[in-house]
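**Q** Sequence lines, in order, name chains A and B. So the first sequence is numbered by UniProt numbering: it starts at 1 and just counts up by one. So the second sequence is numbered by UniProt numbering: it starts at 1 and just counts up by one.
There may be inaccurate statements among the hints.
[Claimed, not checked] Computed beta-carbon distance windows for the label pairs:
#	chain 1	residue 1	chain 2	residue 2	range
1	B	Ser27	A	Asp193	19 to 29 Å
2	A	Tyr154	B	Leu205	28 to 38 Å
3	A	Met81	B	Met100	56 to 66 Å
4	B	Asp38	A	Gly265	46 to 56 Å
5	A	Val362	B	Lys84	38 to 48 Å
6	A	Asp193	B	Val204	55 to 65 Å
7	B	Asp198	A	Tyr154	36 to 46 Å
8	A	Gly265	B	Ala20	42 to 52 Å
9	B	Leu236	A	Gly130	37 to 47 Å
10	A	Thr116	B	Phe346	34 to 44 Å
11	B	Lys84	A	Gly130	38 to 48 Å
12	B	Arg157	A	Leu145	23 to 33 Å
13	A	Met100	B	Ala114	56 to 66 Å
[Stated by the list, open to error] Just a few of them, taken from the derived set where beta-carbon distance is under 8 Å, the chain A residues facing chain B:
#	residue
14	Lys115
15	Asp119
16	Val345
17	Ser422
Because the hints were derived from the structure by calculation, they are not lab data. Every residue gets a Cβ at the ideal spot worked out from N, C-alpha and C, and that includes glycine.
Number of protein chains: 2
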Amino acid sequence: MTIETQEYLIDIVEQGNEKALRTTLASMASADIAEYIDENFEVYGAMALMEKMSAEQQAAVFGYLRPNNQQELARHMEVGMLAKLFRDMSSDERADVYAMLNVKLQDALMRRMAKTERDDLLMLASYEEGLVGSVMTSGYASIPLGVTVETALYRLRQSAPEKETIYQTYVVDKEHKLHGVVSLRDLITASPDDIIDDIMVRDVLTVSPDMPQSEAARIISRYDLIAIPVIDKDRLLVGMVTFDDAMDVVEEEDTDTMHRSATVGKIEGGFKDASPFTIYRSRVNWLVLLVFANIFSGAGIAHFEETIKAYGALLFFLPLLIASGGNTGAQAATLIVRGIATGDVFKSDWPRMLAKELLVSVALGVTMAISIGVIGYWRAGPDIILVVALSMLCIVLVGSLIGVLLPFVLNRFGWDPATASSPLVTTIADTSGVLIYFGIASAILDFSVVPG
Amino acid sequence: MTIETQEYLIDIVEQGNEKALRTTLASMASADIAEYIDENFEVYGAMALMEKMSAEQQAAVFGYLRPNNQQELARHMEVGMLAKLFRDMSSDERADVYAMLNVKLQDALMRRMAKTERDDLLMLASYEEGLVGSVMTSGYASIPLGVTVETALYRLRQSAPEKETIYQTYVVDKEHKLHGVVSLRDLITASPDDIIDDIMVRDVLTVSPDMPQSEAARIISRYDLIAIPVIDKDRLLVGMVTFDDAMDVVEEEDTDTMHRSATVGKIEGGFKDASPFTIYRSRVNWLVLLVFANIFSGAGIAHFEETIKAYGALLFFLPLLIASGGNTGAQAATLIVRGIATGDVFKSDWPRMLAKELLVSVALGVTMAISIGVIGYWRAGPDIILVVALSMLCIVLVGSLIGVLLPFVLNRFGWDPATASSPLVTTIADTSGVLIYFGIASAILDFSVVPG
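Start from the sequences, fold in the hints, and give me the full structure.
**A** Encoded structure:
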């Protein structure tokens, strides 16, 4: 929403002109109103604003609110009003909100619902977060086998208001087993007397409710689908995942991957609203772990204390060399991790990726060896230049290999490849860097010059 | 696609049973066939396979192929066949393919096209990559103001085969100015005699062709749209961006952001197919730049050579401290960069984010100071422990602040916040870390003990 719209709404709210407020709200998108409420959240203000909207808009706005604000509002609302709101929400959002209410409120709501609604809600709320079942909706359109196009269209018209989309209609038998799908496009271009069975598509892409939601999202994105049906192991139709939910899932998963690649754990409900303690918790474990992991680098440097004392000039190049290994490794790891996540790179591609990275890293290593050689020219003699240039080449090579291989290795052991985060790769590359640098230095310098 | 499907297709192709091949291809999704061709790419094999498909499927499969394979095929195809393929492709894909052909082929194709098609193609191909104009399609459905629902439905039925979607229809006047939008859902639930003007939505969300494509994608995702109309400055309707293109844009942008956050430049056409030279070029600049940036760390360490020689134990803790500043900074920067990219964090939020990060980083700093203190207990005396614990606290604090502020600062100067990549933050944090560590060490140790 533009800042102007925000400010305009703030003005209208402050003026207290109820009619103007109603008109303004009716003309606004639900996502924008929800953003306004989220940004200026205060329970009673939010409830007063909601009362100025139609029932449908109330439900839509409520569905867009941040989870903790939904929870706050639900707690302060009269049960009757909450039940009304519930009825107008889409079935997947309803299940999400239901799952976060306390038991007392859940019971009170249940008592106000019809049996079919209740069963539907319990079914949807029973799936663990992250699974297809938790993002699917039961607001799909379905028609029985054998009806004509005319009948199908008539039924769709009748049921349209309760459905999330009618652009895909699922064709089912008496047991609700999925037999095919027909798009509204095909329905309106077919002849009214055609039988559904003859125009429906039988090869339907489906997902199951206990699949990871990210998999469903990738299928929807890959095949450009508006929605995908969810069927259980007996091919019974249990729900549908729509493209807009898939977009949200992809965004959420990408956020998790990016955070993980900087050793930040999962933050439920978004970073902006997270409490300092939540953020602390999501970051502290890896940070402390990495402190301990760096003991190896420390021990490596300490081991070469005598060499360092004899050749003080080596210290100058230490950060340049160590950082380069880490940076090259982080580049390689990021390319592979993202490639695996988008399905561009397969698990079996590692030999090809490794071969290509070897080529690239030799070229990078040579370029960087020349760079550090040029820098070295102003700081040290030819023997030190030889040591740092050679070390740079080796460190870049080793850093790259760690960066390419670590994601595949983690994947092999069932870990998320994104755990091969830049900091982890950097830490491992650092230790190797220290050993390579001082190893090469001891070998070359101790033979050519006797330390004084 | 499952590995089974892949292998099955390979079998069928090898058997050379043409009828079986045709049936198999007809039953497969275009995206899957394209993947098969991409994975086993060979020009003549691909052309032979394409010949076994219907014209529509050929166009769809071609549209899914990787850009370099499209180019390769187009170069080897007869112009007549390419022109036929062109006619069946969606207008945005057609423009993409056209843009990468050589001038001779472009001319040959142009001569085989009707004037309106030609104008359309030239218009779409004229937009720079990354702008809305380059992803929009002219395959939208439109109807004039004033028609009845019945007429609208009749027209949609007639034109459906050429349209990318008919679920959104744009209502235009004689000059093709956009006045409203009507969904197919609303059309089929309305009465046939209703006039479009009365049922259309007038408050239409629109984008302009020279907006960044990522902005259009974020609007589509935020408002859960199937498509968004593109209008020029005179409100003339020039195209439409569909949800599936938006998904591709989001994925591509996220890939770019992730790459940039590890100092990898933009790689056109995907990482997997990129030549080693392309990958080298996308990585070398930042790496070399960072080598030079690390000179400051090196100079810092060199400056404190005497302190280090007097207190060799300090060396052991060097990597632990330096890495911690970089890691904390990378965490903070990643959270902010992703927050800005998804619209969760606004540019004006920086004071709030800074305040929260201060709280979090004090807590993280204390935890890590205790960790390094415990490690120090086994390696050094109380004075050194005091130095390293105090340094850790300061380094973590400074690292976090750099991580939070850098993205906002870059954004302020019109740079992409993702340029505040982990390696850049790490490099800056490293230099500060060296100065803080040895600064504190000199201050505390040189006063308490006289180096021997």
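**Q** Each of the hints needs a verdict: does it hold here or not?
**A** Results for each hint:
Remark: the range hint 19 to 29 Å for Ser27(B) to Asp193(A) is upheld by a beta-carbon distance near 27 Å. A hinted range of 28 to 38 Å for the beta carbons of Tyr154(A) and Leu205(B) is consistent with their spacing of about 32 Å. Range check, Met81(A) to Met100(B): about 58 Å between beta-carbon atoms, so the 56 to 66 Å window is met. For the hinted restraint 46 to 56 Å between Asp38(B) and Gly265(A), the CB-CB distance of approximately 36 Å leaves it violated.
Separated by about 46 Å at the C-beta atoms, Val362(A) and Lys84(B) satisfy the suggested range of 38 to 48 Å. The hinted window of 55 to 65 Å between Asp193(A) and Val204(B) is violated, with their beta carbons roughly 36 Å apart. The beta-carbon spacing between Asp198(B) and Tyr154(A), approximately 23 Å, falls outside the hinted interval of 36 to 46 Å. Under the hint 42 to 52 Å, the C-beta atoms of Gly265(A) and Ala20(B), about 51 Å apart, fit the expected range.
Take Leu236(B) and Gly130(A): their Cβ atoms lie about 45 Å apart, and the range 37 to 47 Å holds. Evaluation of the 34 to 44 Å hint for Thr116(A) and Phe346(B) yields a pass: the beta carbon distance comes to about 43 Å. Separated by about 46 Å at the C-beta atoms, Lys84(B) and Gly130(A) satisfy the suggested range of 38 to 48 Å. Between Arg157(B) and Leu145(A) the Cβ separation comes to about 25 Å, which falls inside the hinted range of 23 to 33 Å.
Our hint of 56 to 66 Å for Met100(A) and Ala114(B) holds, since their Cβ atoms are close to 58 Å apart. Checking Lys115(A) against chain B by beta carbon gives a least distance of about 28 Å; that is not within 8 Å, so the hint is violated. A distance limit of 8 Å between C-beta atoms decides the matter here; for Asp119(A) the minimum to chain B is near 27 Å, and the interface restraint is violated. For Val345(A), the shortest C-beta to C-beta distance to chain B is roughly 6 Å, which falls under 8 Å, so the interface hint holds.
The interface hint given for Ser422(A) is met, as the beta carbon of that residue sits about 5 Å from the closest beta carbon of chain B, less than 8 Å.
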